[in-house]
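Heads up: the sequence lines are chains S and X, in that order. Per the working numbering, the very first residue in the first sequence carries number 455; after that it's consecutive. Per the working numbering, the very first residue in the second sequence carries number 2; after that it's consecutive.
Please keep in mind that the hints were generated in silico from the structure rather than gathered at the bench. From a predicted model like this one, the values you see are computed outputs, not experimental measurements. Even for Gly, the Cβ is constructed at its ideal location relative to N, Cα and C. Be aware that a few hints might be false.
In the EDC-like style, the derived pairs of lysine to aspartate or glutamate whose C-alpha atoms are separated by at most 20 Å in a straight line are [as the list claims (entries may be wrong)]:
{"#": "1", "chain 1": "X", "residue 1": "Lys128", "chain 2": "S", "residue 2": "Glu528"}
{"#": "2", "chain 1": "X", "residue 1": "Lys187", "chain 2": "S", "residue 2": "Glu530"}
{"#": "3", "chain 1": "S", "residue 1": "Lys541", "chain 2": "X", "residue 2": "Asp123"}
{"#": "4", "chain 1": "X", "residue 1": "Lys125", "chain 2": "S", "residue 2": "Glu605"}
{"#": "5", "chain 1": "X", "residue 1": "Lys187", "chain 2": "S", "residue 2": "Glu538"}
{"#": "6", "chain 1": "X", "residue 1": "Lys187", "chain 2": "S", "residue 2": "Glu605"}
{"#": "7", "chain 1": "X", "residue 1": "Lys128", "chain 2": "S", "residue 2": "Glu530"}
{"#": "8", "chain 1": "X", "residue 1": "Lys128", "chain 2": "X", "residue 2": "Glu101"}
{"#": "9", "chain 1": "X", "residue 1": "Lys128", "chain 2": "S", "residue 2": "Glu534"}
{"#": "10", "chain 1": "X", "residue 1": "Lys113", "chain 2": "S", "residue 2": "Glu534"}
{"#": "11", "chain 1": "X", "residue 1": "Lys110", "chain 2": "X", "residue 2": "Glu168"}
{"#": "12", "chain 1": "X", "residue 1": "Lys39", "chain 2": "X", "residue 2": "Asp322"}
{"#": "13", "chain 1": "S", "residue 1": "Lys641", "chain 2": "S", "residue 2": "Glu605"}
{"#": "14", "chain 1": "X", "residue 1": "Lys125", "chain 2": "S", "residue 2": "Glu538"}
If we take Cβ atoms under 8 Å as the criterion, some of the chain X residues that face chain S in the derived model are [claimed, not checked]:
{"#": "15", "residue": "Arg65"}
{"#": "16", "residue": "Ala68"}
{"#": "17", "residue": "Pro69"}
{"#": "18", "residue": "Ile130"}
{"#": "19", "residue": "Trp131"}
{"#": "20", "residue": "Gly132"}
{"#": "21", "residue": "Gly156"}
{"#": "22", "residue": "His184"}
{"#": "23", "residue": "Pro188"}
{"#": "24", "residue": "Ala302"}
{"#": "25", "residue": "Pro306"}
{"#": "26", "residue": "Tyr309"}
{"#": "27", "residue": "Lys310"}
Which stretches of chain S does chain X cover? Using the computed rule of at least three CB atoms under 8 Å from a CB of chain X, they are [to be verified]:
{"#": "28", "region": "482 to 489"}
{"#": "29", "region": "525 to 533"}
{"#": "30", "region": "582 to 593"}
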Amino acid sequence: MVGSYFGIWASVIDAFSQASVRNRVVTAAQISEYEQARQLVSKDVEAGLKPASPLDNQGLLRAFRETELLGIREQELIREIMNETNKRMVHLGFVLIILIGWSSIYLTHKVAGPIFKIKQYFDSLRAGDLTLRIQFRKSDEVRDLAPPFNEMVSSLDTSIGNMKRALREAPEIPLVQKLKRQLEHFKTTSDKLS
Amino acid sequence: MTNRSCSIVLVACIFFVHSVSLTPSAFALSQRDFILLKKIQRDTFEYFLVHTDPETGLARDSSRPGAPVSIAATGFALASFAIASSHGWLSYREAYQKIEQTFNTLEHKTPKQKGFFYHFLDPKTAKRIWGSEVSSIDTALLIAGALLASSYFPGTSLPQRAQHLYEQTDWDWMRNNTLLFSHGWKPESGFLPFYWDMYSEHLILQALALGSRTHPVPRAVWSEWERVHDAYNGKEIVYAYTGSLFTYQFSHAFIDFRHLNDGGINYFDNSQKATIANREFCAAHADEYESYRNRVWGLSACLGPNGYKAYGAKPGNAYHDGTVALHAAIGSIVFTPEESISAIRTLYEYDGGRLYGPLGFKNAFNADRDWWTDDYLGVDQGMTFLMLENFLNDGAIWNRFMNLPQIKHWIERTALSE
Chain S
455 MVGSYFGIWA
465 SVIDAFSQAS
475 VRNRVVTAAQ
485 ISEYEQARQL
495 VSKDVEAGLK
505 PASPLDNQGL
515 LRAFRETELL
525 GIREQELIRE
535 IMNETNKRMV
545 HLGFVLIILI
555 GWSSIYLTHK
565 VAGPIFKIKQ
575 YFDSLRAGDL
585 TLRIQFRKSD
595 EVRDLAPPFN
605 EMVSSLDTSI
615 GNMKRALREA
625 PEIPLVQKLK
635 RQLEHFKTTS
645 DKLS
Chain X
2 MTNRSCSIVL
12 VACIFFVHSV
22 SLTPSAFALS
32 QRDFILLKKI
42 QRDTFEYFLV
52 HTDPETGLAR
62 DSSRPGAPVS
72 IAATGFALAS
82 FAIASSHGWL
92 SYREAYQKIE
102 QTFNTLEHKT
112 PKQKGFFYHF
122 LDPKTAKRIW
132 GSEVSSIDTA
142 LLIAGALLAS
152 SYFPGTSLPQ
162 RAQHLYEQTD
172 WDWMRNNTLL
182 FSHGWKPESG
192 FLPFYWDMYS
202 EHLILQALAL
212 GSRTHPVPRA
222 VWSEWERVHD
232 AYNGKEIVYA
242 YTGSLFTYQF
252 SHAFIDFRHL
262 NDGGINYFDN
272 SQKATIANRE
282 FCAAHADEYE
292 SYRNRVWGLS
302 ACLGPNGYKA
312 YGAKPGNAYH
322 DGTVALHAAI
332 GSIVFTPEES
342 ISAIRTLYEY
352 DGGRLYGPLG
362 FKNAFNADRD
372 WWTDDYLGVD
382 QGMTFLMLEN
392 FLNDGAIWNR
402 FMNLPQIKHW
412 IERTALSE
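Isolated chain S, as found in the complex:
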C-alpha cells in the first residue's frame, strides 16, 4: 500500500520534473515543425491554400499549435497516471479482499471458534456434566483460559463426586434422599468409574 502510494507520486514527480517538461516543450516544437514540413509537400501550396514558406508559419500560429500539442500531451500524461493509479487500486483492492477474507477465516478459527466451544461447555455444565474438560488448540487466542477453568471444574467434579459417594454410604433418611435427588443432576467422573 505504502509502496503503491509512493509509486504513484514518483510517476507524477517524474512526469512533471523540470527535465521532462523541457523535453516535452522541445518535442512539441519538433512535432509542430514536422507537421509544417509535411504539409508543404502538396500542390495546395501553389494554390495559396497553405503557407508558401516555413517562415510564414512562424509566430502566433506556430506557438498556438505547440501549446495545443503540449496540452494534448499533458492530458495524455495525466490520463496515463490516472489509468496507472486505477490499475494499482484494482490490484490493491484484490489484495485487500484476499486479506479481509483471510483475516475473517483466521478470526473465526482462532477467536470465534473457542468462544463457541466455551459456550457449548457452559451448556454442558448447566446440564450438570462435570466430566468435560475444555481443550483449545495451541494457536487459539483464548488457550490460556483453559487450565484455571479446568482446574475449577475438576475441583467441583471431585467435591460433588465425594459428596455423592458419602451420601451413598449414609443412612437413608429423608434429608439424605433429598440431597441424593439434588445431586443426581450432576454427572461426575467417579459416576463413570463406578
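Put chain X on the given structure of chain S with help from the hints.
Frame of chain S; chain X shown alone:
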C-alpha cells in the same frame, strides 16, 4: 602462408571484388572510400541498437531525450537488423529475436486503424501519443521495412507475419473516396485535409497500395497525382514542392526505379538530376552562405537553428538558410556516387570531424549561424543505412524488394516495366 599474409590476401580480394563489382551506377570505389563508407554504415546502424526500446522493439524518432517512437523509424530499424545480420554485425538469432519482438508489439500492443499505424507511439507502452495521426506514409515505410526484413529470414514465421501486416492495411480506405491518399486520419477529426498530390516520398505508399490484393485501390490512383515539371540549370525535373532531397530518396531506398518507365519519366534519373541540381544550387549560393563553401552541399528536411525545416533547392520552394543536412549527400549516393563521396569525405573531415559522432553523421549543421547539433533522426539514419547497403552491396535491398509479389503486381498494374 602466415595468418598475416592470409589477411592481406583476403582484404585485397574483398577490395578487388568491391572495386570491380557493379555498384548501382557501376562506380569504382577506392579502398579508402570503401572502408570509410563501411564504417559510416556500421556506425549508422548503431543508432537502431541504441535507440530501439528493449521491451517493445520500437525505434525512437530521434536521439533526443524524451523523443517518441516513430513507426517509420521502426520500419528502418527492422530492415537494418536484418541487413546487419547479413554482415555479421548481429547474429542471425539476435536479429531474428529483435525483429520478432517488434512484430509482437506491432501485432498485439500498438493501436491501429484499418491496419494503419499511428505516427508517434510511447516507447514503453506502444500506445499512441502526442495526439498523433494514423499516418499513411509512415505506415508504408514501416510495412516496407517489415517486408524487407522478413525476406532475410525465409522459412521462418516472419515472412508470413509481415505479409499479414501488409494484407490487413486497408489502403483503399486511406483515399477517403478520392483518387489521392490522405496524409492521415485522426479519431477526433477524421481525415487530415492534406493529400499526396505531387511527386514526393509517397511513391512507396503508391507501390504498396497498388500492389495490394486484399485491399486494392483503383489503377487511376497512380495517374491522379501531378507530375509537375520545372527546370534548374537546364535539368528538367519532376519536382517535390519543397525541393528537399529526401523526397527524391526515401522510396528509392526500397524500390529500384532504374528500369521503370512512367510515361517517359524515369524516377531514378529524375532523382539523379534533382541531386545534381541540389549540389549546383548550393554552389550557386556559396558566396552567400559559408556552409556551402568547399563543395559542401545537401539541402533536405532536417534540424536547423530554427527547428526542423523542409530545406530544399530548386526546382521547388527552395527554402534554405545555410543549414546542410548531413544525410542528404549519402542518401543520393546511388544516384551520384562521385559527387556524394566527395561530399562525404569533406563532411567527415569538416572542422576536425565535429560533424561525425558515435552513431555516424549527426543530423545537420549551419556554419553561418554557428549552429551544430549532436542529434540524430531515426528516418535519416535509416535512409543513410539502406542507401549505403544498396551502393556497397550491388543493390542488395533493391534485388530483394523488387522480387516481392506486391511490388511486381504494382509494376504490372501501372505498366511501369520497360
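Verification of the supplied hints:
Under the criterion of a C-alpha separation no larger than 20 Å, the hint pairing Lys128/X with Glu528/S is consistent with the structure, at around 15 Å. This hinted pair checks out: Lys187/X and Glu530/S have alpha carbons roughly 15 Å apart, not beyond 20 Å. Proximity of Lys541/S to Asp123/X is assessed by CA-CA distance (about 18 Å); at most 20 Å being required, the pair is judged to hold. For the proposed pair Lys125/X and Glu605/S, the alpha carbon gap of about 69 Å is over 20 Å, so the pair is violated.
Taking the CA atoms of Lys187/X and Glu538/S, the gap is near 25 Å; set against the 20 Å cutoff, the hint is violated. With a CA separation close to 83 Å, the supplied pair Lys187/X and Glu605/S exceeds the 20 Å bound. A threshold of 20 Å between alpha carbons decides the hint, and for Lys128/X with Glu530/S the separation of about 10 Å falls inside it, so the pair holds. Restraint check for Lys128/X and Glu101/X: the C-alpha separation of about 19 Å stays at or below 20 Å, so the hint holds.
Taking the CA atoms of Lys128/X and Glu534/S, the gap is near 10 Å; set against the 20 Å cutoff, the hint holds. A distance of roughly 19 Å separates the Cα atoms of Lys113/X and Glu534/S; the hinted pair therefore holds under the 20 Å criterion. Between the alpha carbons of Lys110/X and Glu168/X the distance comes to roughly 18 Å, so the proposed pair stays at or under 20 Å and holds. Annotation: proposed proximity of Lys39/X to Asp322/X is violated, straight-line Cα distance about 31 Å (limit 20 Å).
For the suggested pair Lys641/S and Glu605/S, the alpha carbons sit about 17 Å apart, so the restraint of at most 20 Å is met. Taking the CA atoms of Lys125/X and Glu538/S, the gap is near 14 Å; set against the 20 Å cutoff, the hint holds. Checking Arg65/X against chain S by beta carbon gives a least distance of about 7 Å; that is within 8 Å, so the hint holds. Because the beta carbon of Ala68/X sits about 7 Å from the nearest beta carbon in chain S, less than 8 Å, this interface hint is met.
Here the hint on Pro69/X is kept, as its CB sits about 7 Å from the closest CB of chain S, short of 8 Å. A cut of 8 Å between beta carbons decides the hint on Ile130/X: the least distance to chain S is about 6 Å, and the hint holds. Because the closest C-beta pair between Trp131/X and chain S is about 6 Å apart, less than 8 Å, the hint holds. Hint on Gly132/X holds. Least Cβ distance to chain S is approximately 4 Å, under the 8 Å limit.
Below 8 Å, beta-carbon pairs count as interface contacts, and Gly156/X has none with chain S, the closest being about 39 Å; its hint is therefore violated. Interface restraint check: His184/X against chain S, minimum CB-CB distance 6 Å, threshold 8 Å, status holds. Proximity of Pro188/X to chain S is violated relative to the hint, the smallest CB-CB distance being about 13 Å (cut-off 8 Å). With a least beta-carbon distance of about 5 Å to chain S, the hint placing Ala302/X at the interface is held under the 8 Å criterion.
Annotation: interface hint on Pro306/X violated; nearest CB of chain S at approximately 12 Å, more than 8 Å. Hint status for Tyr309/X: holds, given a least beta-carbon distance of 4 Å to chain S, under 8 Å. Given the 8 Å rule on beta carbons, the hint for Lys310/X holds: about 5 Å separates it from the nearest Cβ of chain S. With 6 residues bearing a CB less than 8 Å from a CB of chain X, the region 482 to 489 of chain S meets the requirement of three and the coverage assertion stands.
For the region 525 to 533 of chain S, the proposed coverage by chain X is satisfied: 3 residues have a C-beta within less than 8 Å of a C-beta in that chain, meeting the threshold of three. Figure legend: the region 582 to 593 of chain S, annotated as covered by chain X; annotation inconsistent (0 residues with Cβ-Cβ distances under 8 Å, at least 3 required).
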